[in-house]
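Engineer: Start from chain L and add chain W according to the hints.
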Amino acid sequence: MPQDYKSTPLEPRHKITVKFTLQINSSPYQSNAGRTACEFIIAAVAGGHQVLQVFFYHDGIYHALKYATPPDDEFSQIQQWQVLAKEYQIDLAVCISAAQRRGLLCSDEAWRQGKQDNDLADGFRIAGLGQLLAATQEADRFIVWG
Amino acid sequence: MKKYLFVLRKPAHSGAFAQEMLDIILTTAAFDQHVSLLLLDDGVFQLKSGQQPEHCGYKDTAAIFNALELYDVTEIYVEAESLAERGMLAGNLFLPVQVLNRREISGFMQGFEVVFSG
Chain L
77 MPQDYKSTPL EPRHKITVKF TLQINSSPYQ SNAGRTACEF IIAAVAGGHQ
127 VLQVFFYHDG IYHALKYATP PDDEFSQIQQ WQVLAKEYQI DLAVCISAAQ
177 RRGLLCSDEA WRQGKQDNDL ADGFRIAGLG QLLAATQEAD RFIVWG
Chain W
29 MKKYLFVLRK PAHSGAFAQE MLDIILTTAA FDQHVSLLLL DDGVFQLKSG
79 QQPEHCGYKD TAAIFNALEL YDVTEIYVEA ESLAERGMLA GNLFLPVQVL
129 NRREISGFMQ GFEVVFSG
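Line by line, the protein sequences are chains L and W.
Following the numbering used here, the numbering of the first sequence begins with 77 at its first residue and continues without gaps.
Following the numbering used here, the numbering of the second sequence begins with 29 at its first residue and continues without gaps.
Just chain L, with the same shape it has in the complex (with noise of 0.2 Å):
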């Protein structure tokens, strides 16, 4: 992977596509996981490259909170991973056991935990730890953040 790769032609540089998963494991203002990721992202789908899966775990999953609301003139770093899913089409998965500990649920989880709520912002889904060793089984290459 070329360092500054910004600088390098958007056509596919290797004839060997590679497919990775990654795992982000820290907050967004607890570190730049999520920036490094996507900046990572943007660089192998530039290269021609594929990314399978991302999955949020740990502290990884308040990325996926749908009602953060940072002010305007800072970087929202949930619009950055919505943008990405949508134009790369990338799996955002959101590990159930993890969020449902720090309190993030989707709506159909909340139902059948007898509560009201729906923390799950648009981009995301919520999975099972299964889907991640199936996104590493099929990946050649895994990373993990955080």
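Quick list of in silico lysine-lysine cross-link-like pairs, DSS-like style, CA-CA up to 27 Å:
no.: 1; chain 1: L; residue 1: K95; chain 2: W; residue 2: K30
no.: 2; chain 1: W; residue 1: K38; chain 2: W; residue 2: K76
no.: 3; chain 1: L; residue 1: K142; chain 2: L; residue 2: K191
no.: 4; chain 1: L; residue 1: K95; chain 2: W; residue 2: K31
Hint data in this document are derived by calculation from the structure and do not stem from the laboratory.
Structural biologist: Here is chain W on its own, set in the frame of chain L:
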């Protein structure tokens, strides 16, 4: 089937981190994958004998480690320097482990297809 290595570097009861790593380890083992663990730095405390986590309101992760054998997870490696720097011996741990030296670690990791860092 792939070879998975879980690198545990945090102490036993640092929030839910160690417990959530064990969840992935158990899931991976339940999917019949080849699972090994490597304990580095403060991660060696996860296997320290005589933990009493109930005093600080945490789950007893030692019980989960002890159950790993049922899932055929028996390859547990510990870095010698991490133990020594913390005044510990392999005998202070509640599971049998294989001890590696720091200079062997990077070569050891290359034998795995998926490395989870935690």
